[in-house]
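These protein sequence lines map, in sequence, to chains A and B. Just so we're aligned, residue 1 is where the first sequence starts under our numbering, counting upward by one. Just so we're aligned, residue 343 is where the second sequence starts under our numbering, counting upward by one.
FYI, nobody ran anything at the bench for these hints, they're computed from the structure. Keep in mind the model is a prediction, meaning the values are calculated, not measured. Ideal Cβ positions, reconstructed from N, Cα and C, are used throughout, including at glycine. Heads up, some of the hints might be wrong.
What the hints assert, rightly or not - These stretches of chain B come out as covered by chain A in the derived footprint (C-beta under 8 Å, 3 or more residues): (1) 489–495; (2) 636–648; (3) 656–670.
Stated by the list, open to error - Straight-line distance between alpha carbons at most 16 Å, and here's what the computed EDC-like set of lysine to aspartate or glutamate pairs gives: (4) B/LYS616 x B/ASP590; (5) B/LYS493 x B/GLU550; (6) B/LYS595 x B/ASP448; (7) B/LYS493 x A/GLU143; (8) A/LYS148 x B/GLU485; (9) A/LYS151 x B/GLU485; (10) A/LYS253 x A/ASP175; (11) A/LYS274 x A/ASP175; (12) B/LYS490 x A/GLU143; (13) A/LYS63 x A/ASP109; (14) A/LYS253 x A/ASP229; (15) A/LYS63 x A/ASP31.
Protein chains: 2
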Amino acid sequence: MSATVHRLDSPRSNPGPQPSLDPMVKLVTTDMDQVNAVIVARMTSDIPLIPELAGHLIAGGGKRMRPMLTLASAQLLDYAGTQHHLLAAAVEFIHTATLLHDDVVDGSDLRRGNRTANIIWGNPASVLVGDFLFSRSFELMVEAGSLKALKILSSTSAVIAEGEVNQLTAARRVDLGEERYLDIIGAKTAALFAAACRIAAVVADRPENEEAALDAYGRNLGIAFQLVDDAIDYVSDADTMGKDAGDDFREGKMTLPVILAYARGSAEDRQFWKDAVEGRRDTDADLQHAVRLIRATRAIDDTFARARHYGQRAIDSIAGFANGEAKDAMIEAVEFAVARAY
Amino acid sequence: MSATVHRLDSPRSNPGPQPSLDPMVKLVTTDMDQVNAVIVARMTSDIPLIPELAGHLIAGGGKRMRPMLTLASAQLLDYAGTQHHLLAAAVEFIHTATLLHDDVVDGSDLRRGNRTANIIWGNPASVLVGDFLFSRSFELMVEAGSLKALKILSSTSAVIAEGEVNQLTAARRVDLGEERYLDIIGAKTAALFAAACRIAAVVADRPENEEAALDAYGRNLGIAFQLVDDAIDYVSDADTMGKDAGDDFREGKMTLPVILAYARGSAEDRQFWKDAVEGRRDTDADLQHAVRLIRATRAIDDTFARARHYGQRAIDSIAGFANGEAKDAMIEAVEFAVARAY
């Protein structure tokens, strides 16, 4: 066990160079080429619509965050095999299938600035190609040959689906509350981050406590990641953020900034939030008012503070592993995740 | 190898007692209680909408044909274990997930006379609960512990999804042709029948030729089953058939009766079919005209004849197994499948 202490200071008090994902990207470059080769090979089908639609999303500029975490975790453990390439591809397929179905469920028309597959090819095609990728992900896991990894990823898939249904039944409920919100993002986002990291310890045949440590790293990073995503939607400078500010507001999504602003607001403010979440206030003026209320209640600052809390837990959970390039990259990935908005 | 010969005579020339599924139902009663217990236990979730929606379909009067085939095949092999109970439940979950997504894709509002889940709870809930059941099916397979069964069922799931996409891209194309139609039903219906039977040989640790024989039984039965289903839609007496006659016609579905009537029709008839399949003819008078054309071209008779061909192949594929109650029930299930419409 090493005793190095890494603390996530509030980035505002620490105006050094911006943390970046680049060290992690660099760390896994060679492995990721293998994973990409698997992804491309397994998207194929005699039915041309399948690679066409799947490729639109898979080639669409995602960061491959989840397979990257599997690869980085394997390097942290000095794993020398290749079993994790198939599993990392499986994780990306689960994620892609989830995105395809999410966009149908939410009726989304844009993702990362591109038109969504359901808009281009229709909801039926998105549902079915999602099912195909999901099935392919299990084929890849079977090929990887680890029943334990299969168990983790199949149960994670069920948790993700449960989280999505939970979110659906919670839609447009202004009284959602922070606890249920954390349950939802824990299931729909953090569970796959956790599993992506944990399976590296499984294929490397490491003891249970190392599995648990990597699971905790992924889970806390996933929560931090989602919290920052939700906060960014209320930060007005869309160009810097790379996401259209106000989307969540216009869709009446209950995210932590709204939960805090609602809880801390006056009776009048609460009525505004209720109207907004239930879809009766969605103009630009309404959005500006929402941003004012969120600032007045310090809801954004505190959403970032919560994200730093989970980020710190992610960093501390891998403190016991040997220092080195992999660990440094994994720590900086957390710093990047929580500092994205500044 | 036994030399008993079972032939599927045309039921019109053989007006004896109707073949029935009852012997197979009776054969597997005890096992099916176990499978049902697994199904009920694994539909549960902390999110109430999940068991509510899944239960609507799972309790909705299906015959549990696919898990029944797993159980009957296991009895044919004198398998004495219980591993197949989990796998049979997994097969039913895959089937249920597929139905949920199918109804979303087709925009269906009725199934077996009940309102579909997508009509009651909406498309988003149907998509997500389908994903949940699909994930649960893989958890069950992992618990069953057979990597080989997992490989078969995961690859079958991918084939089903490919078949659905193939059907989607073939929708409303009057020139579909019998070969591509057989590809589609082979993938979306027969593949799961085949896998349901094959996995019994896998858990019973039987040689490859017995696996292949059971696969062939299920695959041919599945094709026969689907062909008869498609024919029934053009047989006018809805009460006897238990299915709303004309549904496929009004949805412009390309099924074998239409493919044959189109291929055999005059130029004028072909124009009628083109208009119908492309959605420009869907009145009751149009349906009556369609039924007349189908009768005139003997398309229904020949769809049933094709079904008997595949049914005969199903029966012949299990000729090599020992005679007994299980084999008799499996033969009568085929006779039932192809005779349903008479």
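Outcome of the hint check:
1. Only residues whose beta carbon comes within less than 8 Å of a beta carbon in chain A count, and the segment 489–495 of chain B has 3; three or more means the coverage holds.
2. Remark: the segment 636–648 of chain B is not confirmed as covered by chain A, as 0 of its residues place a Cβ nearer than 8 Å to a Cβ of that chain, below the required three.
3. Counting residues of the segment 656–670 of chain B whose CB falls under 8 Å from any CB of chain A gives 0; the rule of at least 3 is not met.
4. Under the criterion of a C-alpha separation no larger than 16 Å, the hint pairing B/LYS616 with B/ASP590 is consistent with the structure, at around 14 Å.
5. Between the alpha carbons of B/LYS493 and B/GLU550 the distance comes to roughly 15 Å, so the proposed pair stays at or under 16 Å and holds.
6. Taking the CA atoms of B/LYS595 and B/ASP448, the gap is near 10 Å; set against the 16 Å cutoff, the hint holds.
7. Distance check on the hinted pair: B/LYS493 and A/GLU143 sit about 8 Å apart at the alpha-carbon level, within 16 Å; holds.
8. Proposed proximity of A/LYS148 and B/GLU485 is supported: the alpha carbons are some 10 Å apart, at most 16 Å.
9. Pair hint A/LYS151 plus B/GLU485 holds up; C-alpha atoms about 8 Å apart against a cutoff of 16 Å.
10. Taking the CA atoms of A/LYS253 and A/ASP175, the gap is near 12 Å; set against the 16 Å cutoff, the hint holds.
11. Annotation: proposed proximity of A/LYS274 to A/ASP175 holds, straight-line Cα distance about 9 Å (limit 16 Å).
12. A distance of roughly 10 Å separates the Cα atoms of B/LYS490 and A/GLU143; the hinted pair therefore holds under the 16 Å criterion.
13. Restraint check: the Cα-Cα separation between A/LYS63 and A/ASP109 comes to about 20 Å, which exceeds 16 Å; the hinted pair is violated.
14. Pair hint A/LYS253 plus A/ASP229 holds up; C-alpha atoms about 13 Å apart against a cutoff of 16 Å.
15. For the suggested pair A/LYS63 and A/ASP31, the alpha carbons sit about 15 Å apart, so the restraint of at most 16 Å is met.
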